[in-house]
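Protein chains in written order, with the working numbering: chain A, 12 to 302; chain B, 45 to 405.
In case anyone wonders, no lab produced these hints; they're calculated from the structure.
Check before you lean on any hint, since a few could be wrong.
[Unchecked claim] Quick partial rundown of chain B residues pointing at chain A, CB under 7 Å, derived from the structure:
#1 F48
#2 P57
#3 A69
#4 V72
#5 D80
#6 A84
#7 A87
#8 T91
#9 V93
#10 R186
#11 R189
#12 L199
#13 W311
#14 R313
#15 R314
#16 R317
Just so we're clear, the structure is a prediction, and the values are computed from it rather than from any experiment.
We put the CB at the ideal spot given by N, CA and C, even for glycine.
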Amino acid sequence: MLSVDAVVSAFAQHGYVADRGLAVTTHLALQLGRPLFLEGEAGVGKTEVAKTLSAILDAELIRLQCYEGLDASQALYEWDYARQMLAIRMIEATGKGTEADVSDIMSREFLRPRPLLKAVEAAAAGERPVLLIDELDRADEEFEAYLLELLSDFQVTLPEIGTIRSDEPPVVVITSNRTREIHDALKRRCLYHWLDYPTVEREVEILRLRMPGVDGILARQLALAMADLRSLDLFKPPGVAETLDWAAALKLLNADQLEPIVIDETLGAILKYREDIDRVRDHGLESLIHS
Amino acid sequence: MGFFHRLRQAGLPIAAGASGEMMRAVEVIGLAPPGDVFYALRALCCTSVEQYDRFAAVFVDYFRQRIPAGLVATQPRTREWTISGEEEGEGGGGESVRAARGASDTERLRQKDFATLTTAEAAAVRSLIEAMAWSLARARSRRHRSASRPGRPDLRRTLRGSVSPEADMVRLAYQERKERQRPLLFIADVSGSMERYSEMLLYFAHAARDRLGRMEAFVFATHLTRITRQLERRDPSQAIAQVSRAVTDWSSGTRIGEAIATFNRDWARRVGRGGPIAIIVSDGWDRGDPAVLADEMARLRRSVHRVIWLNPLSGREGYQPLTRGMQAALPYVDDFLPVGNVANLEKVVQMLDSIPLRARS
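Working from the sequences, and respecting the hints, build out all of it.
Okay, structure coming up:
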């Protein structure tokens, strides 16, 4: 992909409607070999960017889902202790263990690679995988510091084995829902893009592309209703994922246009807090319908 | 290139050597659609969406170029808030204040209501606040450390132990959960009725952040303003001067319910991780709807470990929490404490240290 336009059309071919800002940032990330840092509300399609990129580049997608307490043994590698113990017992049983046997136990064969090591190994082997570090805000700061080190030189040193180095870094996509602020030092190594809710036109495009069964009039109605909902000061405004869920729900109910009763029946597909559902009902379901 | 200088002035985190990167970026993107250059430089320069407006303003101003619509900021109206006694805070006056203060004097100051302090006393009280020793309640982390007591087995250490020549049997090594400090949330009322307390309470907040390392802070009167970044300035009076510039609704009416609602909606998920302790400072005089306040307090209470309400009036003799706002909020408050003088603040600090590890029953 040699231009921003090529990125836009490649994304579209793989079912993702990218706005110009995202396309420019992605293009730049690929060309400069820098990680792409995507921040935005839940359900705006951050993870989807990485999946689409791996489809476009025909590259393996390696995903690391973050959570509190995530540490090196879960993110990078761990020894396969059970197999090591068995191997020791077997050597003992034969009664003639040698130096070589012992060093075998600490070889690559007994290592269980986790996503980060997998990505570095794949990159070192000349592939260029897409490494998705998903929801980094869920991990704690200790892990962030660790990641910072990895992102700066893409090499991993295993004390027992040696250093694995990749000349061309993997394509790295980091996402965050902003449940906390990620440290500036890490963000600075990346290209930052805030993924916003789509405009009405773009959301119609997304619906047409992802939900071919939904006709143009309904798609527009849905997009306009979503824009209304997002302006309502809800506790959790619905994302694009919810729009697609909603369209799927309406399709199942054979509804070809929005009506108050249908909206009422399907509110659970788009709103996940009781207060939000009450608020939208108080606001009036009719007002969501644009003809 | 003057552009970087301007960006830095606007408070964007531009690292040294950024210009080379930007040149490369422009090379990769090309100059053809001018909007693309804007997006490319923005991706390099910004590290959060809040910086987008400032970046756009500098970009437009510098390149005199049209950019995609809807990106230029409107400057919020700010009001300067002069802090009483700021002038003599650092200067030569400080020494004489310290000299004049004996032990009994200190005791008297500790008990004296913030609303009745003279300028010199205020300076002395500020240094008392800064000198307080902090330690915060702890929570269990999801990380593990080695332990001597049986618990979760530590296979790595177990294997290491079993390969030594003397090991004739496998001895299990164990791990236990680490402990970590609970995060602190500070939400203070700076409306008209709190005016004479706000300054000291902000010093209190600054001291807390300084000692505890991490704290999220907000102030509100009619609307909520996040002041975490401003309090990060090391020097207390500079930090508070920054706060006073950032806040636009000093000393106006109070809408506690709406302020807590804004916190719950826009901030709770961003800054409320890890079972925080929420401290709300307000006298409970509320012009908003008590029902809203009650709902929002209920929600806040569900998302934090403990809710502490500090009220500057509640230490006074004969005080009853009768205001509608206070009545609405009290059922959702775990600890209701006075905060009118230094002695009260010391109690609060002690209390923070003694909050149990586990959730309330």
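Quick rundown of the hints versus the structure:
| no. | hint | in the structure |
| --- | --- | --- |
| 1 | F48 | violated (14 Å) |
| 2 | P57 | holds (5 Å) |
| 3 | A69 | holds (6 Å) |
| 4 | V72 | holds (4 Å) |
| 5 | D80 | holds (5 Å) |
| 6 | A84 | holds (5 Å) |
| 7 | A87 | holds (4 Å) |
| 8 | T91 | holds (4 Å) |
| 9 | V93 | holds (4 Å) |
| 10 | R186 | holds (3 Å) |
| 11 | R189 | violated (11 Å) |
| 12 | L199 | holds (4 Å) |
| 13 | W311 | violated (10 Å) |
| 14 | R313 | holds (5 Å) |
| 15 | R314 | holds (5 Å) |
| 16 | R317 | holds (5 Å) |
Violation of the numbered hints given earlier is confined to hints 1, 11, 13; the remaining hints are satisfied by the structure.
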